[in-house]
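Q: Sequence order for the protein chains is A and B. For the first sequence, the residue numbers in the working numbering are 1 to 261. For the second sequence, the residue numbers in the working numbering are 1 to 423.
It should be emphasised that the hints constitute simulated quantities derived from the structure, not laboratory data. Cβ coordinates follow ideal geometry from the N, Cα and C atoms, glycine included. One thing to keep in mind: the hints can contain errors.
[Stated by the list, open to error] Derived CB-CB ranges, DEER-like:
| id | chain 1 | residue 1 | chain 2 | residue 2 | range |
| --- | --- | --- | --- | --- | --- |
| 1 | A | Val260 | B | Arg81 | 35 to 41 Å |
| 2 | A | Gln187 | B | Arg81 | 49 to 55 Å |
| 3 | A | Ala138 | B | Gly181 | 32 to 38 Å |
| 4 | A | Gly247 | B | Pro239 | 14 to 20 Å |
| 5 | B | Phe202 | A | Val260 | 33 to 39 Å |
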Amino acid sequence: MRPAILLPAFVLPAFVLIGAALLAVPARAQESETPPLVHQHWSFDGVFGTFDNAAAQRGLQVYQQVCSACHSMKQMYYRNLAGIGLNEDQIKAFAAAILVPGPADESGQPTQRPALPSDHFKSPFPNDEAARAANGGALPPDQSVLEKAREGGPDYIYALLNGYSDPPAGMKMQQGMNYNRYFPGNQIAMPQPLHGNDVTYVDGTPSSLEQEAHDVTTFLAFAANPELNERHATGVKAVLFLVFLTGITYALKRKIWADVH
Amino acid sequence: MAGLHKSDFANPVINWIDTRLPIFTMMQKEYGTFPTPKNFNYFWNFGALAVVALVVMIVTGIFLAMNYTPNVTMAFDSVERIMRDVNYGWLIRYVHMNGASMFFIVVYIHIFRGLYYGSYKAPRELLWMIGVVLLLLMMATAFMGYVLPWGQMSYWGATVITNLFSAIPVVGPGIVTWLWGGFSVDNPTLNRFFSLHYLLPFVIVGVLFLHVAALHITGSNNPLGIDVKSPQDTLPFHPYYTIKDSVGVCVFLLVWAVLVCFVPNYLGHVDNYTPANPMATPADVVPEWYFLPFYAILRSVPNKLGGVSMMFGSILVMFVLPWFDTSPVRSCRFRPIYRQLMWVLVADALLLGAVGAHPPQGIWVVIGRVCTAYYFLHFLVILPFLGKLERPLPLPESISRPVIAGGGGGLPGGAPAKPMEKP
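All chains should be modelled from the sequences, with the hints used to inform the complete structure.
A: Shown next, in the form of C-alpha cells:
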C-alpha cells in the first residue's frame, strides 16, 4: 500500500471536518435570536489603545447621573478616577458631593458625611434585596467588571443601550419587561436607560443617545480594566524585548551549532 | 559505601561542598556533559518549556496566595483587589491565569511529540507512565485553581465536575458529600480546593523529579526513534541543548506576553466575571478550553457512569499504550500508515474540543460520538493490529549516518521505498 494514497483518504476529510467545526463556532453567539454585534471603534482597542479620557469622563457623568440610580460599582474607589485624568482636587470635589454613611453620633444615631477619595463608589441600595424590591424583582448587576462579564464586551453594552424599541407585532411581553433586540431572549427588565439628552455634558459635547452610549461604555471599560493603559504599554515593551532576545538567542544558537554535522 | 566524593572542581569553596555533597558533580553530569542525541528537532523543547511554565506558575501563585482570601463572601472581591490595588497584581494574576493555558498547550504538544516519535516504547514505558500521572495531577490542579476566583463558571464548573463522582455505584453520593465537605459546593469546598491547589504543584515537582530521573536513566528518544549507538550520535547537553531550549523559551514567553498584555481574557469565559450565585445557573456550563475534548467524551455517552468511565478511560488508556502499540519501530517517520493515523488522531482530538464547546444538540452529538469511538478505536484496536500489519520503512543505521547517506535505503527520489524485512 502506498502511503501517498492514504493521505488524502484519511487526513483531508478530517481537516475539512475541523474547518467546518471551527467556522461554526461564531454561530453560537447568535442562538438567542439577537443580531450580530457591530464592532465599534474604541480608543482602547488594539495594541497601542489607551482610554480616551474625555470620553471616559463624559461616561462617568452618564454613570453618575443615570446608571448609578440603580447600578452599584463596588470595586471602584473615587481615587481610581485619577486613571481617567481627574486631578486630586477634582476627585475630592466629585467625592464630596456624595453623602456616605458616617460614624454614629454621640446619641448612637447614624450620620452621613461627604465621601473621600479613599471611599468606594456609593451603592444605590443597602443590599440586593432592597435593589430587587425597587426594580420589580430584577437585580441590577454591579457594573465594576460588567464589560468583562458579557460576550462582546464594549460592543455588546453599546448595542444593548441602543437596542431598545417597541416589540415586534405579535410578540408577547412578560409583565414589566422591555423589548431589546440585543438582550438574550429579547426581554429585559431594565427600562430604556438612555434616550439622548439625558445629561448636559460639562465639556459641551452634544449628548445624543449614541454619544452617551459610547461614552458610558468607555467608562465601564475603564472600570473593568483600570490597568489597560499600563498593560498595553508593558506589552509593547515586553514584545519588543522578547523579539530582540529571541533574535540574539537564535543567532547564538546558530553559532554554537555551526560545527555540528 | 560511605566516603567523601573526590571532586574535580578547582574552586576551593565549590570543591569543599562537592566533596561532602556532590551536587555540582551531579549537575555537571546530568545537565553539562549529559550525552544527548544530536538530531533533536524543536519538538524536544517542550519538556523544558513545561518546566518553565511550572516554575512561573508556582512563583506567581505564591504571590497571589499572599493576597487571596478563600472565603465564599470574599474570594471574588479579593481577586478584584489583586487586579486593582496590589502592585502589579494585574500582571501576576493575568500571567497565572493565562499560564494555565500556556502550560497545557506545551504539555499537549509534548505528549503529541511522545506519541509521534514513539517515546513511550521500551525502555521508556515507566517514564511515559509517570508523565501520564503528571498530566492527571496538572488537570486536578487546574480544575481546583479555576474554582478559586469564585465566579459563576468556578461555582458551576465545580458543581458539575464533583457531581461526576456520584455516578459511582453505591458509594458515589457519599464520596461527593465528602469532597464538598457538606451538601453542596460551598465554603468548605472552596477552602479545601485552595489548600489542595497550593499543595498539588509541589507534588507535581516531586513527580517531575521522578520523570526527569527516569529520563536520565534511559536517555532521550529522538526524531529517528533509534537507539544511540556511539558517542558520535550525541552532543553534550550544555551548551548545545541549553541554547536550543533557550530559543524555545524566548518564543514561548513571547506568546505568553502577548496573551497577558493584549488579550488576557481571550481564553477565559465571560461568566467568570460574574460572582458565583448558587441560585442562577449560567446558560451553558463549559470548562476551560484544555478540558473540552474530555468534556465532549463525557457528554457523548448517554449513561452517566458510562460517560465518566469513558472520560477517565481516555487518559487511563495512555497507561497501557506502551503495550498496545505492538510495532517495534518508534518513530512515525518510518511507519507510513501510523504516521497518517497519528494526524487523524490529532484531528479527532481537535474535533472533540470543538464538540465540547457546543451544546450537545443536533450534529454535535453525532460528531462527538463518532470521535469518541474513534479515539478508543485508535488506541485499543488499530494500534495492536497495525503494529503487526504495517511494513515499516528501512531504519537508518545510526543517528550520525542517516539512511540517505548510507547504502541501505538510498533510492532515487519518487520511487516507493523498499520495505524492510519485518523484524
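Q: Each hint needs a verdict: does it hold in this structure or not?
A: Now for the hints, and whether the structure bears them out:
1. Take Val260 (chain A) and Arg81 (chain B): their Cβ atoms lie about 52 Å apart, and the range 35 to 41 Å is violated.
2. In this structure the supplied range 49 to 55 Å is violated for Gln187 (chain A) paired with Arg81 (chain B), their Cβ-Cβ distance being about 35 Å.
3. Between Ala138 (chain A) and Gly181 (chain B) the beta carbon distance is about 33 Å. The supplied range of 32 to 38 Å therefore holds.
4. A beta carbon spacing of about 18 Å between Gly247 (chain A) and Pro239 (chain B) agrees with the range 14 to 20 Å that was offered as a hint.
5. Evaluation of the 33 to 39 Å hint for Phe202 (chain B) and Val260 (chain A) yields a pass: the beta carbon distance comes to about 38 Å.
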